[in-house]
Amino acid sequence: GAVVSQHPSWVICKSGTSVKIECRSLDFQATTMFWYRQFPKQSLMLMATSNEGSKATYEQGVEKDKFLINHASLTLSTLTVTSAHPEDSSFYICSAGPGQGSYEQYFGPGTRLTVT
Amino acid sequence: AQTVTQSQPEMSVQEAETVTLSCTYDTSESDYYLFWYKQPPSRQMILVIRQEAYKQQNATENRFSVNFQKAAKSFSLKISDSQLGDAAMYFCAYRSLTSGTYKYIFGTGTRLKVLA
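Residue numbers (my numbering), protein chains in the order written: chain V, 1 to 116; chain B, 1 to 116.
Simulated from the structure, these hints should not be mistaken for lab results.
Using N, Cα and C, we set each Cβ at its ideal position, and we do this for glycine too.
Don't take every hint at face value.
Straight-line distance between alpha carbons at most 27 Å, and here's what the computed BS3-like set of lysine-lysine pairs gives [to be verified]:
no.	chain 1	residue 1	chain 2	residue 2
1	B	Lys73	V	Lys41
2	B	Lys113	V	Lys14
3	V	Lys66	V	Lys14
4	B	Lys55	B	Lys70
5	V	Lys41	V	Lys14
6	B	Lys55	V	Lys41
7	V	Lys20	V	Lys64
8	V	Lys41	V	Lys66
9	B	Lys113	B	Lys78
Taking beta-carbon pairs under 8 Å as the criterion, some of the chain B residues facing chain V (in silico) [as the list claims (entries may be wrong)]:
no.	residue
10	Tyr33
11	Gln44
12	Lys70
13	Leu84
14	Arg95
15	Thr101
16	Tyr102
17	Tyr104
Quick list of the computed label-pair ranges, beta carbon to beta carbon [claimed, not checked]:
no.	chain 1	residue 1	chain 2	residue 2	range
18	V	Thr80	B	Tyr54	37 to 47 Å
19	B	Thr98	V	Met45	18 to 28 Å
20	B	Ala16	V	Asn70	28 to 38 Å
21	V	Thr114	B	Gln44	30 to 40 Å
22	V	Ser5	B	Thr18	28 to 38 Å
23	B	Leu84	V	Gly53	23 to 33 Å
24	V	Leu68	B	Ile46	37 to 47 Å
25	B	Thr98	V	Gly53	16 to 26 Å
26	B	Ile46	V	Lys41	13 to 23 Å
27	V	Asn70	B	Thr18	39 to 49 Å
28	B	Gln57	V	Ser5	18 to 28 Å
29	V	Cys13	B	Ala72	42 to 52 Å
30	V	Ser15	B	Asp31	41 to 51 Å
31	B	Ala72	V	Gln42	18 to 28 Å
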């Protein structure tokens, strides 16, 4: 089956610094990638949708200047949390869709971000 | 806008017994997909089953089956012969086929406990 990886799986950073999370589709080309945020015992909240080579579309209420998303190739999307604060601590999950009529998204294993 | 509702925050089932998780959704669209995802403690999202709205036949995958009632906008998941490994969070998700985006709309989730 289609595999999506995320790196790192866990990161701790200090308040005020930036951290980048990578999402890769390993065995397919992902025309669309999605970034979700999940708080403990809650559902996945879609942050943004990115299409390769174009600007990401952010959901209402998500700060695009704080959560920078880049989808530079068909196999890689990155989420950069800029000037991180403790309230940005969360579990971030990416998913990728091959497009071309495929209905499915394939999920990465997630990244736990802790901001101290 | 579409919404997905899971009214059972938590369910318990005895091992080897059957349990049904509820999901309702609201949409004005006629073409869409519905999914059930499992999220175990590892937090990796795992596709359990999917249903295309144009198909009247309910989807089945081994011990997992759905009861899809399009008119009632209901999409419940039945787990037969429950196993300890079925313990997880279960999310119902909706994907439009007509909106031009591929994003999922998730319900709030149901935590399933399996009792030995």
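We went through each hint and held it up to the structure:
1. B/Lys73 to V/Lys41: Holds, at about 26 Å.
2. B/Lys113 to V/Lys14: Roughly 37 Å between the alpha carbons, so the hint for lysine 113 of chain B and lysine 14 of chain V is violated.
3. V/Lys66 to V/Lys14: Holds, at roughly 15 Å.
4. B/Lys55 to B/Lys70: holds (10 Å)
5. V/Lys41 to V/Lys14: holds (25 Å)
6. B/Lys55 to V/Lys41: violated (33 Å)
7. V/Lys20 to V/Lys64: Answer holds: lysine 20 of chain V to lysine 64 of chain V is near 14 Å, not above 27 Å.
8. V/Lys41 to V/Lys66: Cα-Cα ~24 Å, so holds.
9. B/Lys113 to B/Lys78: Holds, because 14 Å separates the two Cα atoms, which is no more than 27 Å.
10. Tyr33: holds (5 Å)
11. Gln44: Status holds, d = 5 Å.
12. Lys70: violated (17 Å)
13. Leu84: violated (21 Å)
14. Arg95: holds (6 Å)
15. Thr101: Holds, because the Cβ-Cβ distance from threonine 101 of chain B to chain V comes to roughly 6 Å (cut-off 8 Å).
16. Tyr102: holds (5 Å)
17. Tyr104: Hint on tyrosine 104 of chain B: holds, closest Cβ of chain V at ~6 Å, below 8 Å.
18. V/Thr80 to B/Tyr54: 37 to 47 Å: holds (40 Å)
19. B/Thr98 to V/Met45: 18 to 28 Å: holds (23 Å)
20. B/Ala16 to V/Asn70: 28 to 38 Å: The hint (28 to 38 Å, Cβ to Cβ) is violated, given that alanine 16 of chain B and asparagine 70 of chain V are roughly 49 Å apart.
21. V/Thr114 to B/Gln44: 30 to 40 Å: violated (19 Å)
22. V/Ser5 to B/Thr18: 28 to 38 Å: Given range 28 to 38 Å: holds, Cβ gap about 36 Å.
23. B/Leu84 to V/Gly53: 23 to 33 Å: Violated, at about 45 Å.
24. V/Leu68 to B/Ile46: 37 to 47 Å: For isoleucine 46 of chain B against leucine 68 of chain V, whose Cβ atoms are near 29 Å apart, the range 37 to 47 Å is violated.
25. B/Thr98 to V/Gly53: 16 to 26 Å: For glycine 53 of chain V against threonine 98 of chain B, whose Cβ atoms are near 24 Å apart, the range 16 to 26 Å holds.
26. B/Ile46 to V/Lys41: 13 to 23 Å: holds (18 Å)
27. V/Asn70 to B/Thr18: 39 to 49 Å: holds (46 Å)
28. B/Gln57 to V/Ser5: 18 to 28 Å: With Cβ atoms ~35 Å apart, the hint is violated.
29. V/Cys13 to B/Ala72: 42 to 52 Å: holds (47 Å)
30. V/Ser15 to B/Asp31: 41 to 51 Å: This hint holds: roughly 46 Å between Cβ atoms.
31. B/Ala72 to V/Gln42: 18 to 28 Å: holds (27 Å)
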